[in-house]
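K.L.:
Chain residues, written in single-letter form:
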Amino acid sequence: MDNVVLDSTVAFLQRIPPFQFLPEPTLRRVAAQAEIHYFPKGTALIRRGGAPAEYLYVIQRGGVKKSVRSEDGEETVVEIAGEGDLVGVLSAVDHTAGHLDDIALEDTVCYAIPRAVVDELMATEPAFTRYLLHALQQALDVSLEALRQRAALWESDGSFLLAARCRDIARSPVLTCSPATPIQEAARRMTEHRVNSIVVVDEAGHGSGIVTDWDLRERVVAAGLDYLQPVSQIMSSPLVTVAGDEPVAEAIRLMIARNIHHLVVVDGARPIGMITGYDLVVRQGTSPVFIAKAIDRASDPKAMRSLLEQVQRQLFPFLLARGVRATQLGYIAAEINDRIIARLLALLEAELGPPPVPYCWLVLGSEGRREQTIKTDQDNALLYADPPEGEEDAARDYFLELGRRAVEGLVAVGFPPCSGRYTADNPEWVQPLARWRRRFEAWVAVPEPEDVLSSLIFFDFRGVHGDLALADQLRRYITELMPQSGLFLVHVAGISTAQGPPLGFLGQFVVERSGEHKDQLDLKHGGTGAIVNLVRLFALRHGVEETNTLSRLERLKAAGQMQDELANDLAEAFEFLLSLRFRQQWEDLRAGKPISNFIDPRQLSSLERRLLKESFKIIGRAQAVVRQEFSVEHGMA
Amino acid sequence: MSWHGGRRHALQPLVERLRSIRSLSRQPLAETAFTVVDTELTGLDPDSDEILAIGAIRMIGTRILVGETLFSAIRPERRAWGASVPVHGIRPVDVQHASPAEAVLPALIDFCKGTVMVGYGVDLDRRVLERSLARLGKDELPRLWLDIARVERWLRSRAGRLPEAGASERLPTLATLAQQEGIPVPATHHALADAFVAAQLWQRQLARLLAERVTTVGDLALIGALRRSAGPRR
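Protein sequence lines, in the order shown, are assigned to chains A and B.
Going by full-length UniProt numbering, the first sequence opens with residue 1, and the numbers climb by one from there.
Going by full-length UniProt numbering, the second sequence opens with residue 1, and the numbers climb by one from there.
With a straight-line cut-off of 20 angstroms between C-alpha atoms, the simulated SDA-like cross-links for lysine to any residue are: (1) Lys41/A x Gln180/B; (2) Lys138/B x Thr115/B; (3) Lys41/A x Arg208/B; (4) Lys41/A x Glu181/B; (5) Lys41/A x Pro184/B; (6) Lys41/A x Ile183/B.
Please keep in mind that the hints were generated in silico from the structure rather than gathered at the bench.
Just chain A, same shape as in the assembly (with noise of 0.2 angstroms):
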């Protein structure tokens, strides 16, 4: 009872998580450094792009409500929190600016967690490091996806761009001038502004003309008009305008009605911005569904190489930045390789003649998984149905000339070739169903180690063109060979843990010590490839048939395959691993630089590279289960 201060702010503290997995003395000290903070309605805990909050917040009394604002101003609420709700965890956490509005909903009275103690607190007590990381991916992920649902008007089915509004896609503020500005005048601010237009309002602030380009060239430079005249005399009138709320579909239609380019869009009488029809051609080149059309109707590589380019310059950036996962463009890039090699497919059909029999075009590795980021080797196949006797030649030469020439033309495009030689190019893997059964016998029943190594790859198998039966077919026979697999699937156990993750004892990141990548971290070989070879272990051994990773974890999870936790954290770490080696990529493109998996650790945020150490954790937890496992299982370790 003597120090009522202290004892009441501990007993508080002790029931919020992630205080409350401190111990007694910790939480104490910790208590002893806090504040109490009093907000009054409507004041802001922490502003959206402010300076990084001092302190993280537990609401002890009130509410305060977490929001984003999109770019057009509109608000979206994240969160509302409450009593015992923590806020500013990831300013506090990250040192970063503040990502969302907090606003105190009502008076509120909060517990302060002075940085300093925070960073202290992550340095020292694991429990609470996790469960503020934990709560910050969550964080993040709902405020993403708040933004996303502001954004899908621009994403996934095309129809975004008719069913937005002409406010949303609108570029404004408006240039404008008055009628008696000199047309010079006039000429030298849009110069000034980069625009080829500017609208010209009257006192009230309506629009009463439009002068574009076109006007300057046709009706002063041509004409000889003198320059001082005011641009009343050379305008558009009157001004055609489309409503801010009028879908784009309205805006579209009116310029096809009316043969013109530009489109104001007004707020009652008064210009708001400014549509015009370049403005439209680029949003629907962004659009996937404008892609895979325009795929759909290529007629040569050389048109699917400028489209490839386009995706991935224009539309995986663009997605990015509007907080798709990277798993999600994993399919997304899929869907759009898939549809270039049907495409190049269905050409070659129609130069070589019908096929003899039913085939499938097999992808494999990432491409069979759907987890391809921008750089994309070829690996493919080529499975074709076991052919009538006596015509078996006829149909080799004929697949093995598919395969050549669609390798060569899937070069063409930009899919560099494999470095393997895992492609339907080389005789080895343009195979009838019957002898694609005997080859993965073999990898399964009498397995060589290096075989195995390679033959991974191939367990990854789609069938994307062609008669997919035939790939479901050969999918079936290998979940039926697994159960007499035993020293397949240790083998497989074997190359999933015989790499630990780039972690050193004192959970440093061990980096490259020379070489080209010199202080970097190899991001696929440790990171996203191990999760991915621990999954698959999983999967092949309890005859999951997805080859994609989380769905491969969705499956083990429901079937009670692997315990929850370790599925959810995989699933995370891999989503998060992926994410980071999709913004390289971008980066080293745009940079003009050889696209590769390795990273900087120093070069991320302070979160980012802790959530990367956790993200290397938890392979380090997955191998050891499956060294306990299979050692366990057949005394081997």
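Starting from the known structure of chain A, arrange chain B on it as the hints suggest.
P.N.:
For chain B alone, kept in the frame of chain A given last:
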């Protein structure tokens, strides 16, 4: 103007004090260090009653510092104070092993150094404290005392809740006010608990004052809540 030696010596400290008051009066409240203080006494007579317990907590602007508190029971010189026992529950037996005032008050002086003193109806606390210190030959408590009962009165008259005519009406007790404000009261008539409640009340009042453009220490004097103590009566 020149001063004769004797007068000059007498006035010099006053001039310096005036200077310090001027600079202090412009000091922003949001950055000012406060000591929110409460005492339990043997009775209500500032000229004779003694301190039984003292509690204090530090604030910087509107921030309450949980770890910076002071609490001590004090053994008074007198042996009986029956009338006030029902108020604070401190019986002679409860403090018979406590330290005497001379052992406790120096720590209070250190704790308060350079701050503005704050309390609810703080005049009584101030006078008893100053008298006790004077008996020890000390006169080192800060001179600026803020009565947050007066702040409450001013805020209420601003908000139209208390008509000017009724300004002389008695304000509710600290406990009642705390209840109205939704401030949790851990224990009544415990010196540190009461100081803590007063600190939370002052925190809210200060947020409202800042919104009313009462932003400096000098402004507090203008609204009649801040008093400069002349020091202990001699």
